[in-house]
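Peer 1: Quick note, the sequences are listed as chains A and B, same order.
Sequential numbering of the first sequence, starting at 1, is according to the numbering used here.
Sequential numbering of the second sequence, starting at 1001, is according to the numbering used here.
Take these hints with a grain of salt, some might be off.
[Said to hold, decoys possible] Cross-link-like lysine-lysine pairs, in silico, BS3-like; alpha carbons within 30 Å at most: (1) B:Lys1262 <-> A:Lys105; (2) A:Lys105 <-> B:Lys1179; (3) A:Lys152 <-> A:Lys120; (4) A:Lys105 <-> A:Lys186; (5) A:Lys186 <-> B:Lys1170; (6) B:Lys1170 <-> A:Lys76; (7) A:Lys116 <-> B:Lys1200; (8) A:Lys120 <-> A:Lys222; (9) A:Lys76 <-> A:Lys116; (10) A:Lys24 <-> B:Lys1170; (11) A:Lys222 <-> A:Lys24; (12) A:Lys120 <-> A:Lys76; (13) A:Lys248 <-> A:Lys222; (14) B:Lys1170 <-> A:Lys185; (15) A:Lys105 <-> B:Lys1170.
If you are wondering where the hints come from, they were derived from the structure by calculation, not from laboratory data.
Note that this is a predicted model, so its numbers are computed, not measured.
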Amino acid sequence: MARVELQNVGLNYHTEAGEVVALKDVNLSVKDQEFVAIVGQSGCGKSTLLSLVSGLLTPSQGQVTIDGNQVQGTSKRIGYMLQQDYLFEWRSILDNALLGLEIAKERTPEAVDEVKEMLKAYGLAGFEHYYPSQLSGGMRQRVALIRTLAMKPDVLLLDEPFSALDYQNRLSVGEEVVKILRERKKTVIMVTHDIPEAVSMANRVVVMTPRPGTIRSIHSIKMCDEGLSPLQTREVPQFREYFGAIWKELNTDA
Amino acid sequence: MPNTTYSKEHQNYLRRRRLHVLLVRGAQLFLLLGFFVLWEVAASRGWINAFIFSQPTRIWAAMLRLAREGELWRHLGWTVWETVLGFSIGTVAGILIAILLWWSTFISKVMDPYIVVLNSVPKVALGPIFVVWLGTNITAVVAMAISVSIIVTIMMMHTGFKEVDSNQIKLVRTFGGTKGQVLRKVVIPASVPTMIAALKVNVGLSLVGTIVGEFLASKAGLGYLIIYGGQVFNMSLVMGSVLLLLAVSVVLYYGVTFLEEKVSRGRT
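Extracted from the complex, chain A is given alone in its bound form (with noise of 0.2 Å):
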C-alpha cells in the first residue's frame, strides 16, 4: 500500500479578487521509504501540495491519504521542514530542538535525553546551551531537521529546505541530510525548483506545469534506487541526462 496518496486532489483559493485555482487533477502515489522531490515553476502550487499533505489546508476536491487513511488536520506522523530553519533566537539550541515536543506536550526526561543524544551524533555536542545567532548556516539547519525528528514522523514534508544555504553548504548539508533520512528510513517528499538537488537526491521527480499546478511527467531516477549518495550521483554521467530532460520540460509550455 501506498504510504502517501493524492486522489484527484485540487485547491482553490478565494479572495476578493476572485477564486485563484492553484492545484488541479494532482494523482500520486509515494512508497514507503521513497523520496519524492516535486520540481516546478515559482507559484505552481508545489508548497500548497506540502501544505494539504501535512493537513495544514484541506483540499477543495479529491482526497490525500496517509497508509489509507484520511488526512485530518496535522500529525504527528508528518513531519514538515520549511525553507529557512526558523530558530527561535530566545531559546536555546537544546530548546529548539525540543519546541514540537514540548507542543506535544511530550518533553520527558527520556524525550530530552533522546534530543540530547541526537545532537551529539549529528556533531552539536557541546552547543546544548548555545543560541541560534552562535551558530553557523549548516548547523542551525541540523538543528532544524532534529527538532523534526524528534517527533518521530514517517513522512517528512521538505519545503526548500536548503534554499536559504550558499551553495557549498547547500552541497554538504543536502548529502548529510539525505543520509540521515535514509538510515531512519523515511519517506520523504521535497519541493524544490533546484534541478540538480532534486535529481541528486530523489527516487523520482515530478514536475509540475504552471498555474493551474498539475502533475506533469514523473522521472525515475536510478541513480538514487542503486544507493548512490547525492554527491555521487552528481558524477554520474547520466546525471546530465536526467537535468537535460527535466530542464526542457520545466522551459516548454505544455
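We have chain A; now place chain B onto it with these hints.
Peer 2: Just chain B now, kept in the frame of chain A:
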C-alpha cells in the same frame, strides 16, 4: 586578549579612541557644571532676578530644609509610587488588550477607529473628569497616568504581534500547535523587544500623567510641590522639584534599560 600582541598602530588607535571618549564625557560634565555655575554667578551678581529665577544654592538650601523635615521623601515617594502604579497597570492592561485584539481579527477591526481617535485625544484634557469621578486622591492621579500610557501600549504591542514572522507561526502549527500555543511559544517571546520599547515610552508618559494628575488632584507629590511653590512664589521649591523630577525620570528609565539587558541575553 593580551594587549602586548597589539601592533604599535593598533595601540595608537586604541589610545585615540579612549581620548575621544574622555573628551566627550568631559564636555558633557563641563556643560552641566558650567550651567549651574553661570546660573549661580548671574543670580548673585544681580544679572538675573534671583526671586524669579532662583539660584542653585537657594534651591539646595530649600531642598535640604524639606529633607530635614521629612517632607521631601514623602512627596518623592508619592510621585514614584503613583508613577510605578500607573506605569505597571497601563502596561499590563495595554498588553492584555493587545493580545485580545491579536486573538480576534473581528474585535480588532471593530475597535480600530476608536483606538485611533482615543490615541489622538490629549489625555490631559480628561484630568478634570477623573477628579470629579474619582475624587482628589491617588486614584485620580493613577487613572491619569494609566490613560496617558495605555493606548500607546495597545497600539505598539498590537503592531508588534502582527509583525511576528508568519513562518515561525506556521512552524508551531506544523507541530499541531493551538492558537494559545502560538501565542505563548512565538508571539509573546518574539515581541519582547517591542515590549521593552513600549516600557521605555511608558516610563516617560506615566510620569507626565502623574504630574498632571498631581497638579489637579493631590495633597502630595512633586507635582503638588511645583504647583504649591508656584502659587506662593517660592521659585526655589519649584526649580528644586523640577530637578528632582528629572532625577526620578532618569532613574526609572535606567531601571527599564537594566531590565532590557536582563531579558535580551542570547538575542541578536
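Peer 1: In ascending order, which of the hints set out earlier in this document are inconsistent with the structure?
Peer 2: Going through the list in order, the structure violates hints 7, 8 and respects the others.
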